[in-house]
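Full structure from sequences and hints, please.
Chains as they are written, first to last, in the numbering used here: chain A, 1365 to 1530; chain B, 253 to 361; chain C, 1202 to 1834.
There could be a bad hint or two in this list.
List time: in silico SDA-like cross-link candidates among lysine to any residue, alpha-carbon distance up to 25 Å [stated by the list, open to error]:
id	chain 1	residue 1	chain 2	residue 2
1	A	Lys1456	C	Ser1821
2	A	Lys1528	B	Ala339
3	B	Lys307	A	Val1500
4	A	Lys1528	B	His349
5	A	Lys1456	B	Leu290
6	B	Lys307	A	Gly1366
7	A	Lys1476	B	Tyr257
8	A	Lys1528	B	Asn312
9	A	Lys1390	B	Ala339
10	B	Lys307	A	Gln1369
11	A	Lys1475	B	Gln254
12	A	Lys1456	C	Leu1824
13	A	Lys1476	C	Leu1825
14	A	Lys1476	C	Lys1833
15	A	Lys1475	B	Leu296
16	A	Lys1456	C	Ser1813
17	B	Lys307	A	Lys1456
18	A	Lys1390	C	Leu1824
19	A	Lys1476	B	Leu306
20	A	Lys1529	B	Leu290
21	A	Lys1499	B	Asn312
22	A	Lys1475	C	Ser1813
23	A	Lys1476	C	Ser1821
24	A	Lys1529	B	Val342
25	A	Lys1475	C	Leu1827
Computed spacing ranges between beta-carbons, pair by pair [claimed, not checked]:
id	chain 1	residue 1	chain 2	residue 2	range
26	A	Met1520	C	Val1796	45 to 51 Å
27	A	Val1432	C	Leu1825	36 to 42 Å
28	A	Ala1460	B	Gln254	25 to 31 Å
29	B	Asn308	A	Ala1473	22 to 28 Å
30	C	Asn1777	B	Asp352	55 to 61 Å
31	A	Tyr1436	C	Ile1832	43 to 49 Å
FYI, nobody ran anything at the bench for these hints, they're computed from the structure.
No residue lacks a Cβ here, since even glycine has one placed at the ideal position from N, Cα and C.
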Amino acid sequence: MGVTQILFWILSVVALFSALMVITSKNPMHSVIWLIIVFFAISGHYLLLNAQFLAIVNIIVYAGAIMVLFLYVLMLMDLKKETEPKKNRWLKLAGAVAGGSLLLVLIAALKKADLANQFAETRTGDIGLIENLGKVLFNEYVVPFEISSILFLSAMVGAVVIGKKE
Amino acid sequence: MQIDYYIYLSVALFCIGIVGVLTRRNAIIIFMCIELMLNAVNLLLVAFSKMHHLKNAAVNASAGSDGQLFVFFIMVVAAAEVSVGLAIIVMMYRNIHSVDINFLNRLKH
Amino acid sequence: MKNVLELSYLIPLFPLIGFLVIGLGRKYLSKSLTGIIGSGVILFSFLLSVWIFFQVKEGNSGVVEYFNFISAGSLKIPFSFQIDALSSLFLLIITGVGFLIHVYSASYMHHESKEHFARYFSYLNLFVFSMLLLVMGGNFVILFIGWEGVGLCSYLLIGYWFKNSEYNYAARKAFVMNRIGDLAFLIAIFMIIAKVGSVSFGDVFSTEGLEKLAPSATIITLLLFVGATGKSAQIPLYTWLPDAMAGPTPVSALIHAATMVTAGIYMIARSNLLYSLSEVTQNIVAYIGLGTALLAATIALKQNDIKKVLAYSTVSQLGYMFLALGVGAYTAAVFHVMTHAFFKALLFLGSGSVIHAMSGEQDIRNMGGLSKKLKITFFTFLIGCLAITGIPPFSGFFSKDAILLAAFEHDERGKILILYSISLFTALLTTYYMFRLLFITFTGKFRGTKEQEHHLHESPALMTVPLIVLAVLAAIGGFVGIPEVFIKGGDKLTPFLSSVIATNHHPVSRSTEFFLMGLSGCLVVATIIFTWFRFKNYQPKEQKGFGKVLENKWYVDELYDKIIAKPLSKLAAFLNNFFERFIIDGIVNGVGRAVNYSSRQLRLLQSGQVGSYVLLMVLSILLLLLYQFFIKK
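Structure follows, in structure tokens:
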């Protein structure tokens, strides 16, 4: 069991556990915290795969900006305790069953696939480096890049317009 | 690291996210679970990009960078989406003072 | 010289144009213009028919094909005309008598409004067109088109005064009875197609065609005959004809005396080769014809409506024609069609003249002594009566005698003189009721109202001239068929028709023929004298006993009503109340209710609850994946 494997398992367990806690916490604030932990675990996975740029961006953007935004909104709601009344038990069960069966089906389907002996390169590989990614981004994907800036613009405008007082 | 493990992990996270969406009633929590799903997908994409890189590194030096760039763009979109989505939720809260999605049955009409 | 005959399409074309022009322009054309157009087109057709007749007489006859009407698989039905002796003869009768009746109508119907006057003439032209199609058709299908067309026009014209619901019932009755016959006709056509593969007369009546038809000849000819009974008012489908007198009198003259009712005779004469194959059918035809002749004659004895007497007389005379067909004397039947057209049209138009003079009165019990004021009408009517009863040298004598002779010849083979004796007896009945009609109407004292008496006047020229022309024809029309015993080669008709009609002659001796003629002649004269004494001072009285039965037409209509009409309407009512309401409406409404219910259930799906939407999405994805990965191989 190499270091890689151990790290992988630890990170996976953390991620999964935190995810479960996200969906089962009564207090929404707690859900937010658990989600942040999930993001950190995912970033850890990225680092393991030597996708340095993405790992950092994940933390900065997701855990740093998006989750903070969530926190702001939550605090705005001032939901101390979970105020939602008992959700319909059967619906909850149905949801869980649906999700669970989806999981099972996907795993079963994937088990049939001929994937063994394909490896993901861990801890090495240049492509995750910011320099190389940048080269590809600005050479081949420059148009989507520009368009995404327009996307941001529209999102900003949209958010402001929606949020106006009157 | 066999690609299988990454796939199973990613699928598991995704399904957990789905269960979260189905099970919770708080709109914000649901939103967060959607982010969880997106992240699961991101992880899978990165794993596959590394797999491709491993296979084709001799041929093409930047063989798997597409995957990671795609993840980048997904994050871009997710950020935009979150901002707009939260704005809507705030509006909803302003009108009905609750974020319970069961009150959002305006689509009935 | 085929191309000359190709112009024969003009003959039905003119009446068709007349129909269209008058029909479409009925609000704009003046009455005189309508009358001129309506009669003029028939005159054109008549002149063309005369020319065609001479062409055929010189031997130029044949089939003219215009275009392909129906082509389905191996079955080819062309729109073709067959111009030969039989059709050209009928053409002359239809257009000639038709023209006279058109002229007569222009005067008779003059008190109708402009629109209705035009409507009348357009229907009349359409009728002539259909009848021409019927007799000129080169195959059974074109014949049937004309057959249906005349049935339609008959309906339209009987119910001409549509505001009267009684007349509408009469028109409907005529149409429905015709239809029953038409069904049989159609089945026969289908069988012919099945057996021979073609409907053209040339193919069907060729030796090969007849060979193929021989095994089922009986059933086909029977079905054709049923069709003929509907159209030509024989037992059991005859009751519509007396009721059809609801229409204007010229209509009765044209359609129900001279032309439409003879369509059945034409059809059977055309198919004579087929009928010769089946003795069973021939016997049936003969006996039904005879029975009808007798039955109708008995009813006519006690009728009091001048047109009804003539209607039953028509049915009776048609029975004679069918009798002739049944014993194989096809030429005699066609001969009688011709002479009957003359004298029956004459009689009807004459009665129209009487009705016109009596300001619409049709009951002969209120007439009498009209001969003084209506001289021309009386004289022509008298000639008509003499013709129909078979007094030489009028036309009816020759044609009726030919039929009686044929009946006798047929009987001789079986050794029982049943056909001859009954037909002779019926002839005497004919004499009795016709002269009864004549005497009651025209002689004796006038029994009508003072107002009617004041109004009595002879009809205008447009009405009397056709009467005179028809009277002349009724008088001399028989000379084309003088039997051999009088003048050698005097019978011009049989050789003329021999190209179409196969004659099988079993001659009787000359002396027998003279004896028969003499016998019938004497008996007829005796009957006339008897009738004269009976009716010269007629006073209407109530009928009792057997007379009452005859007056009420043997209660046949009531019988039909009881056993057919009422049960049918009961069945229809039952079907309506039970079947329609519960089952069919139930199903239809049930479908509506089911949709309603399911839509309400389905609506619940659109709850607006985002949560359930997502659940459904997930479930569907699940199913898709299952299918994709595990079920699809």
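(message) Going through the numbered hints above, which ones does this structure break? Give me the numbers in ascending order.
(response) Those not satisfied are hints 8, 17, 18, 20, 22.
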